[in-house]
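Q: Each chain, letter by letter, is given below.
Protein chains: 2
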Amino acid sequence: MKEFFNVETIEAVLAHAASFSPVDTEMVPLAECLGRVLAEDVFSDVDIPDFNRSTMDGYAVRAASTFGASEANPAYLNVCGQIKMGERPSFTVHPGEAAKIATGGMLPDGADSVIMVEHTDRLDDTTIEAYRSVAPGQHVIEKGEDIRRSEPALIQGIRIRPQEAGLLAACGKTEIEVFRRPMVGIISTGDEVVPVDRVPGDGQIRDINTHSLSGQVLEAGGVPMVFGIVKDDRDDLEEKCRRALQFTDMVMISGGSSVGARDYTVEVLDELPDTGILVHGISISPGKPTILARSGGKAFWGLPGHAVSAMVIFTVVVRPFLDRICGLRQAVRRLPIQAVLRRNLASAQGRVDYVRVRLVEENGTLLAEPILGKSGLIHTMVKADGLIAIGMNKEGLYEGETVNVRLL
Amino acid sequence: MKEFFNVETIEAVLAHAASFSPVDTEMVPLAECLGRVLAEDVFSDVDIPDFNRSTMDGYAVRAASTFGASEANPAYLNVCGQIKMGERPSFTVHPGEAAKIATGGMLPDGADSVIMVEHTDRLDDTTIEAYRSVAPGQHVIEKGEDIRRSEPALIQGIRIRPQEAGLLAACGKTEIEVFRRPMVGIISTGDEVVPVDRVPGDGQIRDINTHSLSGQVLEAGGVPMVFGIVKDDRDDLEEKCRRALQFTDMVMISGGSSVGARDYTVEVLDELPDTGILVHGISISPGKPTILARSGGKAFWGLPGHAVSAMVIFTVVVRPFLDRICGLRQAVRRLPIQAVLRRNLASAQGRVDYVRVRLVEENGTLLAEPILGKSGLIHTMVKADGLIAIGMNKEGLYEGETVNVRLL
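Here the protein sequences line up with chains D and F, keeping their order.
Here the first sequence is numbered in this note's numbering, starting from 137 and rising by one per residue.
Here the second sequence is numbered in this note's numbering, starting from 137 and rising by one per residue.
The shape of chain D in the complex, shown without the other chains:
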């Protein structure tokens, strides 16, 4: 019996993402914060730096003492001391005086700038010539110039990159509140599917989706929780779905949208408490027969069984939901690579077509070469560098057009 979908656009599906809540938070040590999503606004306990700091090796001076100095007409300055790293200088720099300072040193009272050692000559133990004039503040990072303790250094909801880890260190954060990594339950279905450690018999194939989807979950900052393979058995499916919903923050069942298993999946969803189907069919290819349900506040996905289709749907549709559940404050900007399409591509109107492409450089131009092939062939994803979209109202793209490539 043929089933008719009430197909929705990708945009309409993505609009549901905001209705799911981020997971709760936990504390992690600084060394483990990379890639995690920050869950607190961060303030430094001190100004950074907490003193006027030299950015050069040279002499701390009052800028006015150097005004007018040149190669032809150097300023003569008295060396009044030497600054030790990591200590407050005990003396003051007066007009006409200079104090030896290294990069990172603390400016003494009275000094407002640093003249680079390359622009000076030492005449004797107590006198230098300065060949340039410096401006007030030159070669100095002022107290609080990097981060002021009164202002937030970081706002919650961002993914922590190496530079944010550095900034957290500067702020004295040895422990950081981050969103917990969401657990994502993964279920494969199909009587023909066998686990990786089995040699497939006649008509059997190994489970690919559990492993490609686990990889995509890990890349997105989640933790995959594998529930194994469900044969076409309604009771087993219901029990696995119940367990997955109990122990994880989001569930993905793959193959569950092909005709036989889809019937079971819909049946099971109909029986689970506090569960409703939000989407049943998306105007996208590959991956049209995708299901999205909400069960007890959690997203539950019925993904296509074909390996390529499941990965494309994860990339384009599921990932923004997972980003939201991860605690990311804003939709993640996916900046595309621009390339020139290498051949004509036909497409059906009324749906968005995602085409796998390989990127090839020729004479300095980046070309996108479509990889055609059935959506059941995982090797086409291995050959692919990215995906291009052909919009709803387009009948195709022409060779030579510039396309936006979303890297895989």
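Check the hints yourself; a few may be wrong.
Because identical chains cannot be distinguished in the list, a pair is counted as satisfied if it fits within a single copy or across any two copies.
[Said to hold, decoys possible] In silico EDC-like pairs for lysine to aspartate or glutamate, Cα to Cα no more than 16 Å straight-line:
no.	residue 1	residue 2
1	424	193
2	279	183
3	519	287
4	220	369
5	279	181
Just so you know, the hints here were simulated from the structure itself, not pulled from any lab data.
All values derive from a computational prediction rather than experimental measurement.
Chain D is already provided as a structure; the job is to place chain F on it using the hints.
A: Relative to chain D, chain F alone:
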């Protein structure tokens, strides 16, 4: 005393990368292979799929039985059986016959194609009408069409993405030989630098580089090994360097290229056995006073002390060496994002300038907005989305020029 560098171009420095060797290999379970570098050529133990497989729900037929069929003139076919998923059909499809098959099912002997259920009508228990003709091979993945067992499915030296994890599963690989994650020793130097858990006193600043560089090492697939902060003490520095070289595959010392510490670093390198300085100064800004040495076959880096400079040098110079040590077969293609420069940028000739930029979208155009600020300010890296390079022979870039942005 001023030191003169024998400054080399970035290209000349990067050419040294090929002279370092990848680390050794280890076995990891399939579930842990994501992001690792494959160290073996992978063959499947079976053809994938190992049988002719339907890609649709419908009927397995001999294509010739449908030739000429249309809505007006359907072909009548005898239903000779139904294919069970995951089993070899026990019957043969003869001319004029059709066997019910679901997506993923195994084609019976005699059948060479599948007609979609949507293009048929069931007349009674044993007869269907087919409204379309199908070509031989249509809606079928042929035995070995995804992967042939006689050909390598994957070649060593690539980083494993989710799709490669899926392919490894299909090939029956429960354990995979990958390159060990290289250990990277990280040493910070400076009398003014204190650890994160200390409140900086007068003239002191917390250690940023250990944490930003650790993050960069993790992102690159390495394992940071932190050796802490060395005060400006030659013996302590030597001991830490010896230990780091002993226990890791590459060493980065930051701050060790500023005048004081640089002298010590060079002294220490001169005394270590089987050690030679390869590079002392790169025509790049920020980060000119970078040191690269080889010690017992391992790369040893003296990175600048300023937080931004150290991160830029890691991104542009160190990372390709680490990629090589990780076992990656080819130089990693870093595909840039194109954007339009938002203001004029001046630059000195004779060096490559790296400028931090923020990416802003305005009226559908991606703009690169330079973030100016001293290279000692970590918050400028936090604000930045990427880096743009201004070439050796350029005096600058103009507002409105298209620039290539390397994401951070």
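Q: Are the hints correct? Go through all of them and say.
A: Results of checking the hints against the structure:
1. 424 / 193: The answer is between: 15 Å across copies meets 16 Å, while 64 Å in one copy does not.
2. 279 / 183: within (6 Å within a copy, 67 Å between copies)
3. 519 / 287: between (48 Å within a copy, 15 Å between copies)
4. 220 / 369: Between copies, since 14 Å is at most 16 Å while 76 Å is not.
5. 279 / 181: within (13 Å within a copy, 65 Å between copies)
Checked against the numbered hints listed earlier, the structure breaks none of them; every hint is satisfied.
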